[in-house]
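Student: Those protein sequences? They're chains A and B, same order as listed. With the numbering used here applied, the first sequence closes on residue 114, and no number is skipped along the way. With the numbering used here applied, the second sequence closes on residue 1113, and no number is skipped along the way.
Treat the hints as calculated values from the structure; they're not laboratory data. There's no promise every hint is true.
Capping the alpha-carbon separation at 27 Å, the derived lysine-lysine pairs in DSSO-like fashion look like this [to be verified]:
| no. | chain 1 | residue 1 | chain 2 | residue 2 |
| --- | --- | --- | --- | --- |
| 1 | B | 1071 | A | 101 |
| 2 | B | 1009 | A | 101 |
| 3 | B | 1057 | B | 1009 |
| 4 | B | 1057 | B | 1071 |
| 5 | B | 1014 | A | 49 |
| 6 | B | 1009 | B | 1071 |
| 7 | B | 1014 | A | 101 |
| 8 | B | 1071 | B | 1014 |
| 9 | B | 1070 | A | 101 |
| 10 | A | 49 | A | 69 |
Derived list of chain B stretches under chain A, where covered just means 3 residues or more per stretch with a C-beta under 8 Å from a C-beta of chain A [unchecked claim]:
| no. | stretch |
| --- | --- |
| 11 | 1018 to 1027 |
| 12 | 1037 to 1051 |
One side only, chain B facing chain A, incomplete, derived with CB under 10 Å [to be verified]:
| no. | residue |
| --- | --- |
| 13 | 1004 |
| 14 | 1006 |
| 15 | 1033 |
| 16 | 1058 |
| 17 | 1059 |
| 18 | 1065 |
| 19 | 1090 |
| 20 | 1091 |
| 21 | 1092 |
| 22 | 1094 |
| 23 | 1101 |
| 24 | 1103 |
Quick reminder that beta carbons are idealized off the backbone N, C-alpha and C, glycines included.
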Amino acid sequence: AQSVTQLDSQVPVFEEAPVELRCNYSSSVSVYLFWYVQYPNQGLQLLLKYLSGSTLVESINGFEAEFNKSQTSFHLRKPSVHISDTAEYFCAVSEGYNTDKLIFGTGTRLQVFP
Amino acid sequence: NAGVTQTPKFRVLKTGQSMTLLCAQDMNHEYMYWYRQDPGMGLRLIHYSVGEGTTAKGEVPDGYNVSRLKKQNFLLGLESAAPSQTSVYFCASSRDPGYNEQFFGPGTRLTVL
Chain A
1 AQSVTQLDSQ
11 VPVFEEAPVE
21 LRCNYSSSVS
31 VYLFWYVQYP
41 NQGLQLLLKY
51 LSGSTLVESI
61 NGFEAEFNKS
71 QTSFHLRKPS
81 VHISDTAEYF
91 CAVSEGYNTD
101 KLIFGTGTRL
111 QVFP
Chain B
1001 NAGVTQTPKF
1011 RVLKTGQSMT
1021 LLCAQDMNHE
1031 YMYWYRQDPG
1041 MGLRLIHYSV
1051 GEGTTAKGEV
1061 PDGYNVSRLK
1071 KQNFLLGLES
1081 AAPSQTSVYF
1091 CASSRDPGYN
1101 EQFFGPGTRL
1111 TVL
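The following block holds chain A by itself, in its conformation from the complex:
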């Protein structure tokens, strides 16, 4: 069975510092990987996804994530965070094509301080 582990429940960081949010998954088959972001009092929004091809994927607001098959990881990074990045971040996995369900991690709350 698939599972997703987000090792850090909270990550406090100062503005303009780099950040890494960790995500590891377990699956016996090929996977698709996603990061969703939830701003306060809102629903989840897709931040970026890995389906195939280049293992490094980027979002429009400066986040990037790298799919590492050997380490079964999909860590999210940003070189310089802003106050507006304060949110909860969820990693999710689905097992390949033509599956209708995502498995979510428990989330990491990123708190950016001025």
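Given the coordinates of chain A, work out where chain B should sit on it, guided by the hints.
Tutor: Same frame as chain A, now just chain B:
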């Protein structure tokens, strides 16, 4: 396009009462989902639907029922609410399983006393 909308936004129930949460999407998506979000547990799938007239159980279906009579609507029902069902409920929809991006509604905060 409004995307995915949910009504109501907030609700307080007493134990044993019933209610229905409505989810609507205007993107012509085939797939729709109901999740609950609890602190420290992320999102857990309650029920989902792969098309009009179909429903299936997710990870935590007990105590909930669903219906998908129209493609654009997905209803979540609680027949006899329990305090353990206090949660934030999110609806989502997706175009097809291969694409797999889910679009979420703003959520319904339900408290059962």
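Student: Determine for every hint whether it applies to the structure shown.
Tutor: Status of each hint after checking the structure:
Distance restraint check for residue 1071 of chain B and residue 101 of chain A: the Cα-Cα separation of roughly 18 Å lies within the 27 Å cut-off, and the hinted pair is therefore satisfied. Our distance criterion of 27 Å between C-alpha atoms is met by residue 1009 of chain B and residue 101 of chain A, whose separation comes to about 25 Å. At roughly 24 Å between alpha-carbon atoms, residue 1057 of chain B and residue 1009 of chain B fall within 27 Å of each other, so this suggested pair holds. For the hint pairing residue 1057 of chain B with residue 1071 of chain B, the CA-to-CA distance comes to about 18 Å; that is within 27 Å, so the pair holds.
For the proposed pair residue 1014 of chain B and residue 49 of chain A, the alpha carbon gap of about 41 Å is over 27 Å, so the pair is violated. Of the pairs offered as hints, the one joining residue 1009 of chain B and residue 1071 of chain B holds, with about 22 Å between alpha carbons and a cut-off of 27 Å not exceeded. Among the hinted pairs, residue 1014 of chain B with residue 101 of chain A is inconsistent with the structure: their alpha-carbon atoms are about 32 Å apart, more than 27 Å. For the proposed pair residue 1071 of chain B and residue 1014 of chain B, the alpha carbon gap of about 31 Å is over 27 Å, so the pair is violated.
For the hint linking residue 1070 of chain B to residue 101 of chain A, the alpha-carbon distance of about 21 Å falls within 27 Å, and the restraint holds. Annotation: proposed proximity of residue 49 of chain A to residue 69 of chain A holds, straight-line Cα distance about 15 Å (limit 27 Å). Check result for the stretch 1018 to 1027 of chain B against chain A: violated, 0 residues qualifying (beta carbon to beta carbon below 8 Å, three or more required). Closer than 8 Å: that is the beta-carbon criterion, and the stretch 1037 to 1051 of chain B has 8 residues meeting it against chain A, so the requirement of 3 holds.
The beta carbon of residue 1004 of chain B is positioned within 10 Å of a beta carbon in chain A (closest approach about 7 Å), and the interface hint is therefore held. Hint status for residue 1006 of chain B: holds, given a least beta-carbon distance of 8 Å to chain A, under 10 Å. Below 10 Å, beta-carbon pairs count as interface contacts, and residue 1033 of chain B has one with chain A at about 8 Å; its hint therefore holds. This hint holds: residue 1058 of chain B has a C-beta 7 Å from the nearest C-beta of chain A, less than the 10 Å allowed.
Here the hint on residue 1059 of chain B is kept, as its CB sits about 9 Å from the closest CB of chain A, short of 10 Å. Violation of the interface hint for residue 1065 of chain B is found here, the shortest Cβ-Cβ separation to chain A being roughly 19 Å, above the 10 Å cut-off. Annotation: interface hint on residue 1090 of chain B holds; nearest CB of chain A at approximately 6 Å, less than 10 Å. Evaluation of the residue 1091 of chain B hint against chain A yields a held restraint, the C-beta minimum of about 9 Å falling below 10 Å.
For the restraint placing residue 1092 of chain B at the interface with chain A, the shortest Cβ-Cβ distance is roughly 8 Å, inside the 10 Å limit, so the hint holds. A hinted interface residue such as residue 1094 of chain B counts as satisfied when its beta carbon comes closer than 10 Å to some beta carbon of chain A; here the least separation is about 8 Å, so the hint holds. With a cut of 10 Å, the hint placing residue 1101 of chain B at the interface with chain A holds, because the nearest CB-to-CB distance is about 5 Å. Hint status for residue 1103 of chain B relative to chain A: holds, with the closest Cβ pair at about 8 Å, below 10 Å.
Checked against the numbered hints above, the structure breaks hints 5, 7, 8, 11, 18 and satisfies the rest.
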